[in-house]
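One line per chain: the protein sequences are A and B, in this order. Residues 1 to 169 in the numbering used here are what the first sequence lists, from first letter to last. Residues 1 to 280 in the numbering used here are what the second sequence lists, from first letter to last.
Where hints are given, some of them may not hold.
Stated by the list, open to error - To be clear about the criterion: a stretch of chain B counts as covered by chain A if any three or more of its residues have a C-beta under 8 Å from a C-beta of chain A, and this derived list gives those stretches:
id : region
1  : 4 to 16
2  : 155 to 167
Claimed, not checked - Far from chain A, by Cβ distances over 10 Å, these chain B residues were calculated:
id : residue
3  : 21
4  : 25
5  : 29
6  : 30
7  : 183
8  : 187
9  : 246
10 : 247
11 : 254
12 : 256
13 : 273
14 : 277
15 : 278
Since the hints were made in silico from the structure, they are not lab data. These figures come from a predicted structure and were not determined experimentally. Built from N, CA and C at the ideal position, the CB exists for glycine as well.
Each chain is listed here by its residues.
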Amino acid sequence: MSKPDDASFEEFVHASWPSLRQGAYALTGSVPDAEDLVQTVLVRAYARWSRVGRDNPIAYVRRSLVNAYVDTWRRRQRFREHPVDEVPEVAGPASYDVVAIDDRLDLAGRLALLSPRERTMLVMRHYFDLPEREVAEVMGCSVGTVKSTCSRALARLRIPVSTPTGEQR
Amino acid sequence: MTHDQFKQVVDTLDTGLPQRPDVAGIRAQGRAVRRRRRGIAIASGLAAAAVVAVPLAVTAGGSGDGTPQVADDTSVSPSPTPSPDPSPTRTVDPSAYDDQSDRMTAAVKDVFPQARRTSDEFYDSMVMDGDVVDITLGDPVNWDTVFRWNQVFDVGDLALFSVSTSWNEPTPGIAWCSRGTFELESDCTMTQLDGGRLLVLHDGVRIQGQEDGVWSRYAQVVSPQSDGGLMQQVDVWATESGMTWAAAQRELPSLEDLGSIAQDERMRLPEPSSLPELPQ
Numbered sequence: 001m002s003k004p005d006d007a008s009f010e011e012f013v014h015a016s017w018p019s020l021r022q023g024a025y026a027l028t029g030s031v032p033d034a035e036d037l038v039q040t041v042l043v044r045a046y047a048r049w050s051r052v053g054r055d056n057p058i059a060y061v062r063r064s065l066v067n068a069y070v071d072t073w074r075r076r077q078r079f080r081e082h083p084v085d086e087v088p089e090v091a092g093p094a095s096y097d098v099v100a101i102d103d104r105l106d107l108a109g110r111l112a113l114l115s116p117r118e119r120t121m122l123v124m125r126h127y128f129d130l131p132e133r134e135v136a137e138v139m140g141c142s143v144g145t146v147k148s149t150c151s152r153a154l155a156r157l158r159i160p161v162s163t164p165t166g167e168q169r
Numbered sequence: 001m002t003h004d005q006f007k008q009v010v011d012t013l014d015t016g017l018p019q020r021p022d023v024a025g026i027r028a029q030g031r032a033v034r035r036r037r038r039g040i041a042i043a044s045g046l047a048a049a050a051v052v053a054v055p056l057a058v059t060a061g062g063s064g065d066g067t068p069q070v071a072d073d074t075s076v077s078p079s080p081t082p083s084p085d086p087s088p089t090r091t092v093d094p095s096a097y098d099d100q101s102d103r104m105t106a107a108v109k110d111v112f113p114q115a116r117r118t119s120d121e122f123y124d125s126m127v128m129d130g131d132v133v134d135i136t137l138g139d140p141v142n143w144d145t146v147f148r149w150n151q152v153f154d155v156g157d158l159a160l161f162s163v164s165t166s167w168n169e170p171t172p173g174i175a176w177c178s179r180g181t182f183e184l185e186s187d188c189t190m191t192q193l194d195g196g197r198l199l200v201l202h203d204g205v206r207i208q209g210q211e212d213g214v215w216s217r218y219a220q221v222v223s224p225q226s227d228g229g230l231m232q233q234v235d236v237w238a239t240e241s242g243m244t245w246a247a248a249q250r251e252l253p254s255l256e257d258l259g260s261i262a263q264d265e266r267m268r269l270p271e272p273s274s275l276p277e278l279p280q
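Turn these sequences into a full structure, and let the hints guide you.
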């Protein structure tokens, strides 16, 4: 068994850390859970670095992160919120505007309203840029379901922008 | 919201996580995982085969300084059952594993309330890592072949405390207490339990290749062959290091405690549809 290449692993961790950290937090909405998730997959990657480092480590780690989260979600151990299959529809386009960057904290709250399945698909497809086919494979559904679920979930993330009077425009 | 907007917003979420990773900590844990995997693979292989002829460093009777004596060869198997016809193909419901972690941990904590779980891993496949067959978890998980679940705990000052539940190929006629299983073993006893299960307690164990001063107590419960043709095994290890066997005997948990955990129904793992294929 060859010794892991520490230098290449360190370089990889520093390069991939920001996206793993943000992705894990978007998935879990919890600092300790996100920390656990990232730590777990990086430890696993290092333990197998002789093999992982040769191929496409960022793809391996991103997919491991999502799989670890899905496993956790399926074991229903660590969620703060109760997963729901269907979330309440938000008001239509007339009442909501496209999200503004300043509303990012609101986005975190809205992510928590999505089901873990919707959140996982969104992060895989729209943050990690995984192909729809791969998302479908991990989630055990059709590509069409990935498309429609992501589309609906993105729509639900639109954040109301308040006017100075407190009314929504 | 568009693809780019979503990405931009996620990138600016205030996660509360450190800006820079603790690479040294990750590497240290990764090394520990590698060591555990190797240790588990060695121990599992030896326990399963139990036929490795190893020149023994100690002769029966011991050296008088507490060095373990070698147990006699004994061969007892769980209640023999005729080989069943292969079961029809079935699938495993992933929800069967929903509380596997909690059940195993609860069984340990009932005996060692101070135990703190530090690792919780399960495996559904085997891969070649160099010349070594490594057990691993595939992406995605193949729930039909989840065949082993391991947990590691901090228990007081013990060097290592681990539990494992697994499904394996039956090994007819295996000698569960064999002088060739470990490099050293002071005692090995077998007790027939209800349901055809067999409790094997190993004392004063040193695995081949371990450094001097590392001693373990090891309890295993082996179940009779299932209708699916597989065999369930639960292993509980407690290890001390850097001391004589006489000192380790005082520090290690009793075999009764380890055996109690190994017999606990909560340690059972749902039976896989089949074992993962060995890599070529």
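Hints, verified against the model:
1. 4 to 16: holds (count 12)
2. 155 to 167: Violated, because only 0 residues of the region 155 to 167 of chain B bring their Cβ atoms closer than 8 Å to Cβ atoms of chain A.
3. 21: violated (5 Å)
4. 25: Per Cβ check, residue 25 of chain B is inside 10 Å of chain A; nearest 8 Å; violated.
5. 29: violated (4 Å)
6. 30: Per Cβ check, residue 30 of chain B is inside 10 Å of chain A; nearest 3 Å; violated.
7. 183: holds (21 Å)
8. 187: holds (33 Å)
9. 246: holds (34 Å)
10. 247: Residue 247 of chain B clear of chain A: closest Cβ-Cβ about 32 Å, beyond 10 Å.
11. 254: holds (31 Å)
12. 256: holds (31 Å)
13. 273: holds (17 Å)
14. 277: At roughly 18 Å from the nearest Cβ of chain A, residue 277 of chain B sits farther out than 10 Å, so the non-interface label holds.
15. 278: holds (17 Å)
When each numbered hint is compared with the structure, violations occur for hints 2, 3, 4, 5 and 6.
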